[in-house]
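Number of protein chains: 2
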Amino acid sequence: MSAPQPTSESISSFGVARSTVQGEPLSKEELRLTDAYMRASLYLCLGMLYMRKNPLLREPLRVEHLKARLLGHWGSDAGQLFTYIHTNRLIKKYDLDALFVSGPGHGAPSVLSQAYLEGTYSEVYPDITQDVAGLQRFFKQFSFPGGIGSHATPETPGSLHEGGELGYSISHAFGAVFDNPNLITICMVGDGEAETGPLATSWHSTKFLNPITDGAVIPVLHLNGYKINNPTVLARVSHDELQRLFEGYGWTPYFVEGSDLPSMHQAMAATMEHCILEIRKYQQQARSSGKAFRPRWPMIVLRSPKGWTAPRKVDGHYLEGFWRAHQIPLADVATNPEHLVLLENWMKSYKPDELFDTSGKLIPELLDLPPKGVHRMSANPVSNGGLVRKPLHLPDFREYGIKVTSAGRDDAFSMNNMANWMRDVIAKNPNNFRLFGPDETESNKLGEIYKAGKKVWMGDYFEEDADGGNLAFAGRVMEILSEHTCEGWLEGYVLSGRHGLLNSYEPFIHIIDSMVNQHCKWIEKCLDVEWRTKVSSLNILLTATVWRQDHNGFTHQDPGFLDVVANKSPDVVRIYLPPDGNCLLSVMDHCLKSVNYVNVIVADKQNHLQFMDMEDAVAHCTKGVGIWDWASNDADGEPDVVMASCGDVSTAEALAATALLREYLPDVKVRFVNVVDIFKLISSGDHPHGMTDKEYTAIFTDDKPIIFNFHSYPWLIHRMTYKRPGNLNLHVRGYKEKGNIDTPLELAIRNQTDRFSLAMDAIDRMPTLHNKGSATREHLLNMQIKAQNEAFEHGIDPEWVRNWKWPFGKTVTGTVAGAVSGLLGPRGQKEFATSE
Amino acid sequence: MSAPQPTSESISSFGVARSTVQGEPLSKEELRLTDAYMRASLYLCLGMLYMRKNPLLREPLRVEHLKARLLGHWGSDAGQLFTYIHTNRLIKKYDLDALFVSGPGHGAPSVLSQAYLEGTYSEVYPDITQDVAGLQRFFKQFSFPGGIGSHATPETPGSLHEGGELGYSISHAFGAVFDNPNLITICMVGDGEAETGPLATSWHSTKFLNPITDGAVIPVLHLNGYKINNPTVLARVSHDELQRLFEGYGWTPYFVEGSDLPSMHQAMAATMEHCILEIRKYQQQARSSGKAFRPRWPMIVLRSPKGWTAPRKVDGHYLEGFWRAHQIPLADVATNPEHLVLLENWMKSYKPDELFDTSGKLIPELLDLPPKGVHRMSANPVSNGGLVRKPLHLPDFREYGIKVTSAGRDDAFSMNNMANWMRDVIAKNPNNFRLFGPDETESNKLGEIYKAGKKVWMGDYFEEDADGGNLAFAGRVMEILSEHTCEGWLEGYVLSGRHGLLNSYEPFIHIIDSMVNQHCKWIEKCLDVEWRTKVSSLNILLTATVWRQDHNGFTHQDPGFLDVVANKSPDVVRIYLPPDGNCLLSVMDHCLKSVNYVNVIVADKQNHLQFMDMEDAVAHCTKGVGIWDWASNDADGEPDVVMASCGDVSTAEALAATALLREYLPDVKVRFVNVVDIFKLISSGDHPHGMTDKEYTAIFTDDKPIIFNFHSYPWLIHRMTYKRPGNLNLHVRGYKEKGNIDTPLELAIRNQTDRFSLAMDAIDRMPTLHNKGSATREHLLNMQIKAQNEAFEHGIDPEWVRNWKWPFGKTVTGTVAGAVSGLLGPRGQKEFATSE
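Residue numbers (the numbering used here), protein chains in the order written: chain A, 24 to 859; chain B, 24 to 859.
Quick caveat, the hints were computed from the structure, so don't treat them as lab data.
Note that this is a predicted model, so its numbers are computed, not measured.
Among the hints, erroneous ones may be present.
One copy or two, either will do: identical chains are not told apart, so a pair holds if it fits within one copy or between any two.
[What the hints assert, rightly or not] Once the Cα atoms are required to be at most 25 angstroms apart in a straight line, the calculated BS3-like pairs of lysine-lysine come out as:
#, residue 1, residue 2
1, Lys795, Lys809
2, Lys717, Lys746
3, Lys809, Lys761
4, Lys828, Lys717
5, Lys115, Lys371
6, Lys163, Lys746
7, Lys746, Lys759
8, Lys761, Lys395
9, Lys727, Lys746
10, Lys371, Lys395
11, Lys795, Lys727
With the hints as extra help, turn the sequences into a complete structure.
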């Protein structure tokens, strides 16, 4: 096989600018100032990478001026700040409201340099002054212990996108402009990042952007050609392919390619201005006519060398325009005297003495160059969303309650019911709340909300759409079959000061594990940054849950997202498993009011037994865990066994098991406990919701067997309770990767979470029973087998299992069958009074 | 705002075929047979969805013939089997080796119908016979308890792609054709699936496909227009955009659009033949010249109605060509007599009596139509990878060992060293082993392997590539900045009978949590399918681990992938944390030899202390957990404290803590334990690697404090050990979402996993010490503060911390400082003898 040769038709990032849009809009003076401002910016970037002392090189550079450990990335800095600076010109010229999203990894020096030059940095960090001492601190803190990171972290003014994990820049940028009609987000997309799946599909976001009610995004695909150690895919295809790709995605790509600074400045200035004017034209056209349409929005492909303005070669090896410029260009500068000189000459080539005055402050003509006040992209309030966040107008959820006259006997579709409330949430908040989902909103029984806000669709319309399509140009529901895009939009929407909810099937929420991790880290870190204001919580509603995925089988069974979330900081994560419809309402209301959390709510979407009227539900959810007296018969407070549950299906099965025990073994005293908020189970020292051991023991006992039916993998409960008193009495049943094509009962039996297994389990754990439980155990086993056989024959669980209802009434000591009120007894009231 | 109207330029999926490739290659007779075969296939699909009895409708359809619960999906069935059948013609005509990947969700009836008609189904499931009784069983089992699912699950002959979670069809298809030069994979891509991020970037796979050494993939984008309840993005853009998109991705798209069956058959036959011939032409051109290049490979855009061949409207609502055809088209058939008649007429419109003989067997002329033997796509051995898998030729890893003369005093780059062995693995297995990674292979210190196999790159080449680019047309390393694509390729490669390894940064492996979950479920389920043979394990090497992500900060710190993996079935998951270089070699060798697992190996890539010579390392890894006598001084077997560790950095810190204890409190007896295989910690009943309580107690004691320094979140250890004797004595330190820009020591201190915190922790836990430890504790605290202050000043940990070495020799009772051999003492030998 022949060896690879350079491809003749390859497009170099070097040379005089080539661009789609022609023109030289910058006057000589503007060009001079732009060039100087860019040199100042580049100098700051190198300063951050290398310098601990002697920030303006007013002494000859010595090794002791350098940081002992050189960290940070040079590769994308020049191209990013180049774009930033050219945006500044247009902000001033057209009075734009603009935001900058820095997508390429580790490109923070570019945006940090701008925040410093614009003065924002000194405003939020008064010790980082605009003088030599401030510059020294500004340089030293970068990628330095106790300092700031090499991404656009929460400490970075103007940032709502960190970019530690790659792929979400465009979806964040769109999230920020939805319902922000005057905002334009300039979104730098790294060509490495562009290879990720999430980024690759997020280009389709324009099919969901309304030119009347939303703002605009200008993606700048930064083709700097290289990742850590590889070329990028998009930099190594033909110009024609690249153009077609973005036209195919629905954009109008404008190319700016080259390395020659003066001509690149002119090309970028002309191109960006063209894009701004095109956006304004489309917006004007739609807004004046009231006719929304999908423009082929402008975007920019900026092909500039990796590590632009670095030496092209060092020691015979390519540096600028190659992956060697990715991180620290001269990593051995401390031990290689020639490289030390090279670095000094390189930094001085930006002529810092011309750019900063003797005090170390930027010279006045450059200080004048960027926009001022909130027009600075580093100071746009949208990037610090709490500044512009308005609390939701929430209808009183109590008015949407399900009427429950008999606990465990009435049934209802909890999710459909909650959708009534959500519909009115949307109606009352038409501009700052959106619902996101990967094509599952209707399936998840939330279709009622379309009455208040349909699904945004800017693609073509077909005749059948009128037949219940629920599509609209301006809607409140955002659906694309990409969990990544939905989550990214929601993150951008929330971080820019609005509110939202993602609804998704439980099994596939793992697709965005990593995104949620990163969002948790962002809001956790924001707590440490004094000038950061709190944003709305990011709410995730999981349904199509594991215990109703019997028919879809093994691939659709994974309740493990909770394990991922539970590993995050207790400052920011909350998990709720409401057992019924009124609890779901109470929990949802709480989540939509909260700030700075990731709230995960797990609730099934099918018909379910209801347990609590609204008042009881509110009290129960407020406590987060409680004894259900109406289901218990340990009136003396000395149970033989504690039956506990967490999750709606799990609760119904645990109750059915409790009923079996009480029916067949009436002398056995059963306490029934339900958990809504799983962090109640952790020690109070480990999570703000955690119970003390005393509180825990008062509910679960420290000496009685506890049969805990859990929605998710059982080990999550064990890891939360491993040091609780009586830990060895806790027997958790949950999902254990045992699935097939099943009925609900059979799936539960496989995992020993069905009523029969639970009841037998309880019998086995009660030493006081001795052999008295044997006959009952045998009977339960027979019932289980009978139910299984019927299910296998008919393909559906027997009616006596499916439509089981709680057979006891309110009386907590008796075993009288019948449908009476399921309200809490006196002890229940006492529980409420002692709750937090 | 104006209401949406149908868009005039919209492209309907209805009408006479429109296609890029013209021609009518089918004779009248071929057309007649193709049509009949398709009708038989469609009939089977409906049968699977609805019928429990009366499979060929030889009695009038009654409700009791139907399944009680109607499940399964009709939407994509027709388009998929249409494609399958047209592939069959070309397999026969051109003697193709072809595989079918069914991407659209829940489209199993299409491929199941083909496997049945081809006879494969009856071969692997002899009870599913080719007669009325067999048909009845075939229908009933579908989406029925105890039966098979509605995806192309492992029970489906010919499938290596389940499609439960969407987005991986193309990457799986490419994985299967790498190093399979004669294989052509027909990959149906759902237009819903096409919206996912992973799918959107996987189109770029052609930039990594070599026309000489690899086979080819024909993606068939199935534009059936709708998802569950929404139009699809790609079906609602202009024809021009669609064409440009795929040309931009580097493909040559051929369109086949319409609903009229005869003309659609001709169009598809002509188009598929054109694609096959084009592929052959490109392959021929490259193979005869020896010059690899990147062809603009052919693909097909098949626009046909959702639910094609169903009634267009039912009760005034659109069905065919709308999302209502997604799942069960007539869901109320059991309660709506009119719909029952409608269903009967619809099924009979396929004329089953013309297609199946009186016994229920397909008529001979149709039986003759598909290919035979392994040419049937349902019987391609590649889809049952173990059939074609060849074990690797592995060089003896012992010969690549790191020379360790003094345990804890010698240091080495474990990963670089392992790369020497990996290089030779690649050299010895040039056609069935590949290394995958998202642009991190060099960064992960595996660059040595390029000497045996470079990075595959079929994009353009630039002059600087010659300067150490390590790119080649035919290589062994696959790098694209998409964890999804890397993982998908690897899964496809492994499932089709080959071997591979994914290397990735630890923090971002969460990106593919869900993919790994799905792969675990696939191989777990395969264990239940008798005819499925075992495939190579899927190996994931995680590096750039949390404890060395101090400088990149919080976003780069997440060791939680292990929690996700540990939730999967114990039959298929294995996790190893080798403490040093020789253990890493031993573990890697074990993993590459194993089958049917997902092996996760966590190892840092920087310079590390080495602890074991090769023989000791092999023994230690074989045991999975062991006491390190050379680090312990509890010669009498009665320690005061057990210091335990799991993970390389964690082990070094725990050893340093042990040394501090032994130095400052020489009377304290410390036992040092190291865990390589974390599943050793689980009870033997819960995982095949688990220890019995007796084995566990022999190592950890049941009454002594255990300070366990863990690599990952501490709760993973707790959830594994919660019911072990002495559980409350186990104090695990690990990562707890406390990060910043740090030095390694400072990051550890934040999480209390540093040597000083661990030693202080141990002192606090030893009741026998009383106040005797106070002075030492104070001294340790002073040392910790001193180290921190030095680090904050210089930006780097003090040399005495960074370059710490184990100060004791081999003698297990003494405290003599000095560098002597670190081999295991006599008790170590005994441990080996009693290990499994």
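Against the structure, the hints come out as follows:
1. Within a single copy, lysine 795 and lysine 809 get their C-alpha atoms as close as 23 angstroms, which meets the 25 angstroms cut-off; across copies the closest is 66 angstroms, which misses it.
2. For a Cα distance limit of 25 angstroms, the shortest separation of lysine 717 from lysine 746 qualifies both inside one copy, at 13 angstroms, and across copies, at 21 angstroms.
3. In this homomeric assembly, lysine 809 and lysine 761 come within 25 angstroms of each other (Cα to Cα) only inside a single copy, at 21 angstroms, whereas the closest approach across copies is 53 angstroms.
4. In this assembly of identical chains, lysine 828 and lysine 717 lie within 25 angstroms of each other by CA distance neither inside one copy nor across copies; the values are 34 angstroms within and 46 angstroms between.
5. In this homomeric assembly, lysine 115 and lysine 371 never come within 25 angstroms of each other (Cα to Cα): the closest approach is 30 angstroms inside a single copy and 71 angstroms across copies.
6. In this homomeric assembly, lysine 163 and lysine 746 never come within 25 angstroms of each other (Cα to Cα): the closest approach is 44 angstroms inside a single copy and 49 angstroms across copies.
7. Proximity of lysine 746 and lysine 759 under a CA criterion of 25 angstroms is satisfied in both settings, with 23 angstroms inside one chain copy and 17 angstroms between copies.
8. Proximity of lysine 761 to lysine 395 under the C-alpha cut-off of 25 angstroms is found in neither arrangement, the shortest distances being 61 angstroms within a copy and 36 angstroms between copies.
9. Proximity of lysine 727 to lysine 746 under the C-alpha cut-off of 25 angstroms is found in both arrangements, the shortest distances being 16 angstroms within a copy and 16 angstroms between copies.
10. Taking the closest pair of Cα atoms, lysine 371 and lysine 395 never come within 25 angstroms of each other, the shortest separation being 29 angstroms inside a single copy and 75 angstroms across copies.
11. With identical chains, the CA atoms of lysine 795 and lysine 727 are at most 25 angstroms apart within one copy only, with a shortest distance of 18 angstroms there and 40 angstroms across copies.
Consistency with the previously given hints fails for numbers 4, 5, 6, 8, 10, ordered from lowest to highest.
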